[in-house]
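Novice: Residue strings, one per chain:
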Amino acid sequence: MIRNKIDGIRDACLKELGKAVDLQDINAIKIKYLGKNGELTAVLKSIKEVAPSERPAIGKCINEVHEIVDSKISLKESVIKEELEKKRLYDELLDVTLSTQYDGIGALNPLTQIKKDITDIFVHLGFDIKDGPEIEFEYFNFTALNIPKDHPSRNSSDTFYISDKLLLRTQTSAVQVHVMKTHEPPIRIVCPGKVYRPDDDATHSPMFQQIEGLVIDRSVTLRDLKSLLEEFARSFFSSTTKVRFRPSHFPFTEPSVEVDLSCNKCGGSGCNLCKHTGWIELLGAGVVHPRVLKECGLDSNVYKGIAFGIGVERAAMIKYGIHDMRLLFDNDIRILKQFK
Amino acid sequence: MLVPMNWLKDFVNITKSPEELAEILVARGFEIEEIRYLNQSIINVFTCKIIEIKKHPTNEKLAICKIVLNSDQTYQIVTNDHTLRVGDIVAVAINEARLPSGMVIKTTEFDSVISQGMFCSAEMLGIKEDDHIEASADKILKFHDEEEVGANINDIFGLNDVVLDIGITANRPDANSIIGIAKEIAAALRIDMRRLPHKYPDASGHISNHITLDNQAPDLCPRYIARVIKNVKIKKSPKLVRDRLRAVGIRPINNIVDITNYVLIEVGQPMHAFDLERVGGNIVVRRAQDGEILKALDGRTYTLRDNHLVIANKSVPMAIAGVMGGENFSINSKTKDIVFESASFARDSVRQTSKELGLRSDSSARFEKGIDAYSQEVGMSRALALICKFRIGDIIYGVLDTLPTPPIQRQIEFTLSDISDILGIKLTNNEVVNILKSFDFVTRIKKGVLQTKVPLSRDDVSNVNDLAEEIIRGYGYDKLRPDPIDKTNINTGGTDPKFKALDKIKSILVAKGCYEILTYSFTSPKIFDILNIPQKDSLRNVIKIQNPLGEDFSVMRSTLVYGMIKAISTNFQRGNRDLRLFEVAKVYAPAPTLDEYPFETNHLILGSTKDEFYSFKAIIQEVFDIFNVPINFKRSAIPYMHPWRCSEISTEDGDKIGVFGELSLDIANKFNITKRLYLCEIDPECMVSKKNTLIYQPISKYPAIERDFAVVVDKDVEAESILKIVRSRGGEFLTKTYVFDVYTGDQIGEGKKSIAFNMVFQSTDRTLTDDEISKITNNILEGLKTISAVLR
Chain A
1 MIRNKIDGIR DACLKELGKA VDLQDINAIK IKYLGKNGEL TAVLKSIKEV
51 APSERPAIGK CINEVHEIVD SKISLKESVI KEELEKKRLY DELLDVTLST
101 QYDGIGALNP LTQIKKDITD IFVHLGFDIK DGPEIEFEYF NFTALNIPKD
151 HPSRNSSDTF YISDKLLLRT QTSAVQVHVM KTHEPPIRIV CPGKVYRPDD
201 DATHSPMFQQ IEGLVIDRSV TLRDLKSLLE EFARSFFSST TKVRFRPSHF
251 PFTEPSVEVD LSCNKCGGSG CNLCKHTGWI ELLGAGVVHP RVLKECGLDS
301 NVYKGIAFGI GVERAAMIKY GIHDMRLLFD NDIRILKQFK
Chain B
1001 MLVPMNWLKD FVNITKSPEE LAEILVARGF EIEEIRYLNQ SIINVFTCKI
1051 IEIKKHPTNE KLAICKIVLN SDQTYQIVTN DHTLRVGDIV AVAINEARLP
1101 SGMVIKTTEF DSVISQGMFC SAEMLGIKED DHIEASADKI LKFHDEEEVG
1151 ANINDIFGLN DVVLDIGITA NRPDANSIIG IAKEIAAALR IDMRRLPHKY
1201 PDASGHISNH ITLDNQAPDL CPRYIARVIK NVKIKKSPKL VRDRLRAVGI
1251 RPINNIVDIT NYVLIEVGQP MHAFDLERVG GNIVVRRAQD GEILKALDGR
1301 TYTLRDNHLV IANKSVPMAI AGVMGGENFS INSKTKDIVF ESASFARDSV
1351 RQTSKELGLR SDSSARFEKG IDAYSQEVGM SRALALICKF RIGDIIYGVL
1401 DTLPTPPIQR QIEFTLSDIS DILGIKLTNN EVVNILKSFD FVTRIKKGVL
1451 QTKVPLSRDD VSNVNDLAEE IIRGYGYDKL RPDPIDKTNI NTGGTDPKFK
1501 ALDKIKSILV AKGCYEILTY SFTSPKIFDI LNIPQKDSLR NVIKIQNPLG
1551 EDFSVMRSTL VYGMIKAIST NFQRGNRDLR LFEVAKVYAP APTLDEYPFE
1601 TNHLILGSTK DEFYSFKAII QEVFDIFNVP INFKRSAIPY MHPWRCSEIS
1651 TEDGDKIGVF GELSLDIANK FNITKRLYLC EIDPECMVSK KNTLIYQPIS
1701 KYPAIERDFA VVVDKDVEAE SILKIVRSRG GEFLTKTYVF DVYTGDQIGE
1751 GKKSIAFNMV FQSTDRTLTD DEISKITNNI LEGLKTISAV LR
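In order, the protein sequence lines correspond to chains A and B.
Residue numbering for the first sequence follows my numbering, starting at 1 and increasing by one per position.
Residue numbering for the second sequence follows my numbering, starting at 1001 and increasing by one per position.
If you are wondering where the hints come from, they were derived from the structure by calculation, not from laboratory data.
Predicted model only: the values in this text are computed from it and were never measured.
There's no promise every hint is true.
[What the hints assert, rightly or not] To be clear about the criterion: a stretch of chain B counts as covered by chain A if any three or more of its residues have a C-beta under 8 Å from a C-beta of chain A, and this derived list gives those stretches:
1) 1331 to 1338
2) 1467 to 1477
3) 1592 to 1604
[Said to hold, decoys possible] Footprint (simulated), chain A over chain B, 3 or more residues, beta carbon under 8 Å:
4) 1084 to 1097
5) 1111 to 1119
6) 1562 to 1573
Glycine included, every Cβ here is placed at the ideal spot set by N, Cα and C.
Please build the complete structure, drawing on both the sequences and the hints.
Specialist: Right, dumping it as structure tokens:
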């Protein structure tokens, strides 16, 4: 009798459980069957009405049913919970293709970046960074660098003058002189900075930047200069970049060379960038003129020097394929944003 | 310098193409600006003979000509020129001919009659009257020589040549001539150079019977050579001379003037010719008298000063030495006898004269570059050889020369190790001697010491380094093999902390979304009026440039603010309105005297149209915080800013280091900046010079306790005055305080505002009790009463 009742409760409970769809249903079932006044609890309470001899068996039966029902409820509950969690997560679905506007980082000026790229290479090669005044005495800018009094570069068409003696430096080479006069060799320096010349067109700006390099030591040669600049060229452009020296003339170096790098766009086979020559002129260099060493208080029988000067704008134009230098001084945010 | 290949071939046998030659010259230090094929602008234009002329069947304005070239083949040309006659020899463009204008002539029909080409006028071919007598601009170009029928126009006008445009560096004035370049080519190709005969027979008479020479300024005229030629016949130069002069851009004038120009180009020695009759009997080289005048060949009259050198006769200047001759003394069609001048004038004197008079010429350009002591004689003898060759006149015996004995050749002594110390390569005695020989340097070896004699034309070679350059030029720069750099022998570089600090400031700003701009260091003096800067303000004390590119670039800037405003304005004009820009650059101020270096100070400028006042201020505040430099903001009038939204920035010591605020609306409007622009200009020195004293602080294990208070104060009380009291009374446990809300409104009352601030208290060795904190906060509130702040 009682067994039938127990089975009936079990079947009813499992049937209801089958229909349960949410946690509320589960709760209701728990209360209805397993709660304090639940049906199965009631049966358990009514066990005293059963003959004592049958009590253990009936008790066992009730416990088994209780266990089954309880585990089925738990199972169903966890299934429902899992589904609910799935649904909750789905409700949080986001369209990953959507974005908001970000207000990100800014950028250094492309010329600052190039300048830093170049000086970094030389710093790694043991060069110190030095700077000097932009408003310079003609002695440091010209005379000490063996530029004669009647040299055309001293003309007012080539140099901005403040007074007879003061001018806007036309080259960072002026810093060399200061350093040689105040430092004992060995000297290894690079001097980045602004220089000024009265030109203004697509390839000239009245203000531009140079990086001067100087090595003074007991034994340093034109060949060392080539080694150094080849090392630089490989770091700045690519590991396959080659260096070519062409004879040239600067009053403060002798021998003087123009330094060409193999074109980084076509690799030397010829393209628009290198005007189909395979080479790009990047800098001037040479062995420091003995008269310059002497003027700076160094004995040219003991010390030798090599020097080079790199145009930052030119390097930037080559590296980024810019054709008009004025673009670099335009400060248009649409250009600046390209150099993050 | 323009160098025609055909002219070079007078001196060296060249079998190389112009491109190959260019490469050789580049490797020797001569840049090639351009290789100009003269025959590329006119293609397929020939001389032809008209053998028949018919009327056009329907159009009476046109005629139909039958022509022949040098074969039997005939062509039919339709023309509108009715002056043409059978038998005329004219220029015709046929077979898809190309004219200098780029025009291509194709077979076309004129009212149903086929024309296989077009007759050409001088103008169409770019030929001037000087080049050809019949060349009056718009008429069909006619010829008279039967033998020329069928000739290519390029041959007739000497256009079958290739001209190299060669850049000559300042140290090589000796190479500034056809002979100079030919020498380099001969050395490079290791071939001999052909020397042109400089011989000529002297006629009877003696120069001293005609003129005397008096050099009163040997300092400005180291050498002056004069020769006299009598019975000259002034006429057009031979075709070869005219063709070559045209090829180098010089207009042929007459046979005498053309010879002076020919020698200038070929030898590099400027020459001048005077009409002997006008000279009278005397040539005087002297300084001009102040105010003396001379009408030059350009037709203009020049007033001379006593630093200008002139070539005078007994009474008046006849030429501005080395610059230009006088009109009244020059060669004209009636000239009978001439004086040739071949002289050397001091380069700075010529430059100064040329500059002061605003007068330049091919001659002055050469003298400015420098003429060596050797070429006066060479130039003169070459000129006389040409006079003789073209049978122009009788060369009178005798020469007037102010420096008849040539200067002594310079000798340089050196050793092989001197050369390897400079170049880094080891050469043998033989190699060195041979290379130098190819440049005309004669070398002897004595006990391991090399002694080399420098040619007189090579004024630029004076020491071992100069010789090393010649040697490596001859040896080949391409053979200079780099050594791998020994990196174990290298120190670390980049030791100046100043650059690091400035880089760090820039990186912080970039991280904050700022873009770096770059503006010119020079500016206009007008900016101070635009920025309302008071007359006596030190910003107006600027360094002026004597020779600026214009007023807008005439003073060195004393502030970066204008450059920033301009950059923002430029961007606004282009529709870029969201900007956060910065620049680090120098500002300049004059020193007390011109014998000292002026002051150059790095400044930082920031400009933003993307922020509001406080978010912009937070960027600046953070930069200083990172460098651990405390700063104060204090409201202060800045002439170009919003009167109630600007501040002075100062350090703890009270040093004023910058300004900050919103650009005044008036100025913003002038620059079409339609958003609020916040600006900050500072001197970053206090950050740059700050020693890095960062020391790790342990984190307290005990809880931090926060308190928020709101106080009501008068509206003009600044937040900082409250925080100052909080900080001073907060004691050792107050670790942080800041304002998080400011409120005005009805609940507070007219003229009042509520300021809410947060305080954080913490101890490193224990948990603070409520009592302790209340004691402190009561003390703070007590203090706030001094500024009438009432707890809300």
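Novice: Three or more residues of the region 1084 to 1097 of chain B near chain A by CB distance under 8 Å?
Specialist: violated (count 0)
Novice: Are there at least three residues in the region 1592 to 1604 of chain B whose beta carbon sits under 8 Å from a beta carbon of chain A?
Specialist: Held - the region 1592 to 1604 of chain B has 5 residues with a Cβ nearer than 8 Å to chain A, which meets the minimum of three.
Novice: Verify this for me: three or more residues of the region 1562 to 1573 of chain B with a beta carbon less than 8 Å from a beta carbon of chain A.
Specialist: Three-residue rule met by the region 1562 to 1573 of chain B, so holds; n is 3.
Novice: Are there at least three residues in the region 1467 to 1477 of chain B whose beta carbon sits under 8 Å from a beta carbon of chain A?
Specialist: Contact hint for the region 1467 to 1477 of chain B vs chain A: holds, 5 residues under 8 Å.
Novice: Okay, the region 1331 to 1338 of chain B and chain A, do three or more residues pass the C-beta test at under 8 Å?
Specialist: As far as the region 1331 to 1338 of chain B goes, the hint is violated, because 0 residues have Cβ atoms under 8 Å from chain A.
Novice: Given that the region 1111 to 1119 of chain B was listed as covered by chain A, double-check it with a C-beta distance under 8 Å for 3 or more residues.
Specialist: violated (count 0)
Of the hints listed earlier, those the structure fails to meet are numbers 1, 4 and 5, in rising order.
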